[in-house]
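Undergrad: Given next are the chains, with one letter for each unit.
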Amino acid sequence: KAGVTQTPRYLIKTRGQQVTLSCSPISGHRSVSWYQQTPGQGLQFLFEYFSETQRNKGNFPGRFSGRQFSNSRSEMNVSTLELGDSALYLCASSLDSGPYNEQFFGPGTRLTVL
Amino acid sequence: LAKTTQPISMDSYEGQEVNITCSHNNIATNDYITWYQQFPSQGPRFIIQGYKTKVTNEVASLFIPADRKSSTLSLPRVSLSDTAVYYCLVLMNTGFQKLVFGTGTRLLVSP
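For the protein sequence lines, the chains are A and B, in the order given.
The opening position of the first sequence corresponds to residue 1050 in the numbering used here, with each subsequent residue numbered one higher.
The opening position of the second sequence corresponds to residue 126 in the numbering used here, with each subsequent residue numbered one higher.
No wet-lab data here; the hints were simulated from the structure.
Mixed in with the good hints, there may be bad ones.
The following label-pair restraints were derived from C-beta to C-beta distances [claimed, not checked]: (1) A:Ser1100 x B:Pro165: 27 to 35 angstroms; (2) A:Ser1119 x B:Asn151: 33 to 41 angstroms; (3) B:Glu183 x A:Arg1112: 36 to 44 angstroms; (4) B:Glu139 x A:Gln1103: 39 to 47 angstroms; (5) A:Glu1101 x B:Asp136: 41 to 49 angstroms.
Pairs of lysine to any residue residues, derived as SDA-like cross-links and limited to a Cα-Cα distance of at most 20 angstroms, are as follows [said to hold, decoys possible]: (6) B:Lys194 x A:Tyr1149; (7) B:Lys223 x B:Tyr157; (8) B:Lys128 x A:Gly1089; (9) B:Lys223 x A:Gln1086; (10) B:Lys223 x A:Asn1150; (11) B:Lys177 x B:Leu205; (12) B:Lys179 x B:Ile133; (13) B:Lys179 x A:Thr1102; (14) B:Lys128 x A:Gln1090; (15) B:Lys194 x B:Ile133; (16) B:Lys223 x A:Arg1112; (17) B:Lys223 x A:Thr1087; (18) B:Lys223 x A:Leu1132; (19) B:Lys128 x A:Gly1111; (20) B:Lys177 x A:Tyr1149; (21) B:Lys128 x A:Asn1126; (22) A:Lys1106 x B:Ser134; (23) A:Lys1106 x A:Thr1087; (24) B:Lys128 x B:Gln167; (25) B:Lys179 x B:Phe164; (26) A:Lys1106 x B:Asp156; (27) B:Lys179 x B:Pro165; (28) B:Lys194 x B:Gln141; (29) A:Lys1106 x B:Ser195; (30) B:Lys223 x A:Gln1093; (31) B:Lys128 x A:Gln1093; (32) B:Lys223 x A:Phe1118; (33) B:Lys177 x A:Glu1151; (34) A:Lys1106 x B:Tyr157; (35) B:Lys194 x B:Val180; (36) B:Lys177 x A:Gly1147; (37) B:Lys223 x A:Thr1102; (38) B:Lys223 x A:Gly1111; (39) B:Lys179 x B:Ser166; (40) B:Lys223 x A:Ser1146.
What you are looking at is a predicted structure, and each value in this text was computed from that prediction instead of being measured.
For every residue, glycine included, the Cβ atom is placed at its ideal position computed from N, Cα and C.
Use the sequences and the hints to build the structure in full.
TA: So, in structure tokens, the structure goes:
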């Protein structure tokens, strides 16, 4: 079974731009969660989608948004990029919703904001 | 403010047992504690999950005391390939419940 895939793997943007990241979950998985990882703040939960609905949301500003499609693929969008948005963005999929379901992580998208 | 803290780093030698503790002072009553392993340039990988007392699988054990304010990941006989960063993940009851990763423990295993 193919693992979680994320595209692109690397991205460079400038302040004020917007960016869209994509995540394809493991086949059959209906939940997709997004995380931001930085050296200073560590791993932080962004949001979770299940059956095209946002189930949980972390403490991030409204510039961070996401969506999930009927095939469970998910996209994350960040608008009006700031320097502090530079991070590794990780996507994880699981069969069902909830933190007690084993999550399978993708390799991440490394975003650099200049 | 809810916090989930771990030691920053630990050193060990091949064949030794390693215990990594995560402190979580405000965990939700009925939720699980999960541990992940992360290698450089990779996403975290699930190791083990538990709710109370002790859980064991083929790679690790997880010990959770009755008050559930902490948990300890035990790696029985580490090898060089266990060098990685280890994170606990809990659901924190902070007014609005949210998933919180621990601060991460960098384990270095030497020959």
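Undergrad: Does each hint fit the structure? Answer for all of them.
TA: Here is what the structure says about each hint:
1. A:Ser1100 x B:Pro165: 27 to 35 angstroms: Since the Cβ atoms of Ser1100 (chain A) and Pro165 (chain B) sit about 34 angstroms apart, the hinted range of 27 to 35 angstroms holds.
2. A:Ser1119 x B:Asn151: 33 to 41 angstroms: holds (37 angstroms)
3. B:Glu183 x A:Arg1112: 36 to 44 angstroms: holds (42 angstroms)
4. B:Glu139 x A:Gln1103: 39 to 47 angstroms: holds (45 angstroms)
5. A:Glu1101 x B:Asp136: 41 to 49 angstroms: Roughly 46 angstroms apart at Cβ, these two residues keep to the hinted range, so it holds.
6. B:Lys194 x A:Tyr1149: Distance ~17 angstroms between Lys194 (chain B) and Tyr1149 (chain A) Cα, so the pair holds.
7. B:Lys223 x B:Tyr157: Within the cut-off at roughly 13 angstroms; holds.
8. B:Lys128 x A:Gly1089: Status holds; Cα separation ~15 angstroms.
9. B:Lys223 x A:Gln1086: holds (16 angstroms)
10. B:Lys223 x A:Asn1150: Since the Cα atoms of Lys223 (chain B) and Asn1150 (chain A) sit roughly 15 angstroms apart, the hinted pair holds (cutoff 20 angstroms).
11. B:Lys177 x B:Leu205: It is violated: about 30 angstroms lies between the C-alpha atoms, which goes past 20 angstroms.
12. B:Lys179 x B:Ile133: Measuring from Cα to Cα gives roughly 24 angstroms; hence the hint is violated.
13. B:Lys179 x A:Thr1102: violated (35 angstroms)
14. B:Lys128 x A:Gln1090: Holds: Lys128 (chain B) and Gln1090 (chain A) sit about 12 angstroms apart, inside 20 angstroms.
15. B:Lys194 x B:Ile133: The hint holds at about 19 angstroms.
16. B:Lys223 x A:Arg1112: holds (19 angstroms)
17. B:Lys223 x A:Thr1087: holds (18 angstroms)
18. B:Lys223 x A:Leu1132: violated (25 angstroms)
19. B:Lys128 x A:Gly1111: With Cα atoms ~24 angstroms apart, Lys128 (chain B) and Gly1111 (chain A) exceed 20 angstroms; violated.
20. B:Lys177 x A:Tyr1149: holds (13 angstroms)
21. B:Lys128 x A:Asn1126: violated (28 angstroms)
22. A:Lys1106 x B:Ser134: This hinted pair is violated, its Cα atoms lying about 30 angstroms apart.
23. A:Lys1106 x A:Thr1087: holds (18 angstroms)
24. B:Lys128 x B:Gln167: violated (25 angstroms)
25. B:Lys179 x B:Phe164: Given pair Lys179 (chain B), Phe164 (chain B) is violated - Cα atoms ~26 angstroms apart, limit 20 angstroms.
26. A:Lys1106 x B:Asp156: This hinted pair holds, its Cα atoms lying about 17 angstroms apart.
27. B:Lys179 x B:Pro165: violated (29 angstroms)
28. B:Lys194 x B:Gln141: violated (26 angstroms)
29. A:Lys1106 x B:Ser195: violated (24 angstroms)
30. B:Lys223 x A:Gln1093: Roughly 10 angstroms separates the two Cα atoms, so the pair holds.
31. B:Lys128 x A:Gln1093: holds (12 angstroms)
32. B:Lys223 x A:Phe1118: Violated: Lys223 (chain B) and Phe1118 (chain A) sit about 23 angstroms apart, past 20 angstroms.
33. B:Lys177 x A:Glu1151: Between Lys177 (chain B) and Glu1151 (chain A) the Cα gap is close to 17 angstroms, so the pair holds against 20 angstroms.
34. A:Lys1106 x B:Tyr157: Distance of about 18 angstroms is within 20 angstroms: holds.
35. B:Lys194 x B:Val180: OK: Lys194 (chain B) and Val180 (chain B) at ~16 angstroms, within 20 angstroms.
36. B:Lys177 x A:Gly1147: holds (18 angstroms)
37. B:Lys223 x A:Thr1102: Holds. Lys223 (chain B) to Thr1102 (chain A) sits at ~17 angstroms (cutoff 20 angstroms).
38. B:Lys223 x A:Gly1111: holds (17 angstroms)
39. B:Lys179 x B:Ser166: Violated, at roughly 31 angstroms.
40. B:Lys223 x A:Ser1146: OK: Lys223 (chain B) and Ser1146 (chain A) at ~13 angstroms, within 20 angstroms.
In this structure, the earlier hints numbered 11, 12, 13, 18, 19, 21, 22, 24, 25, 27, 28, 29, 32, 39 are contradicted, and the remaining ones agree with it.
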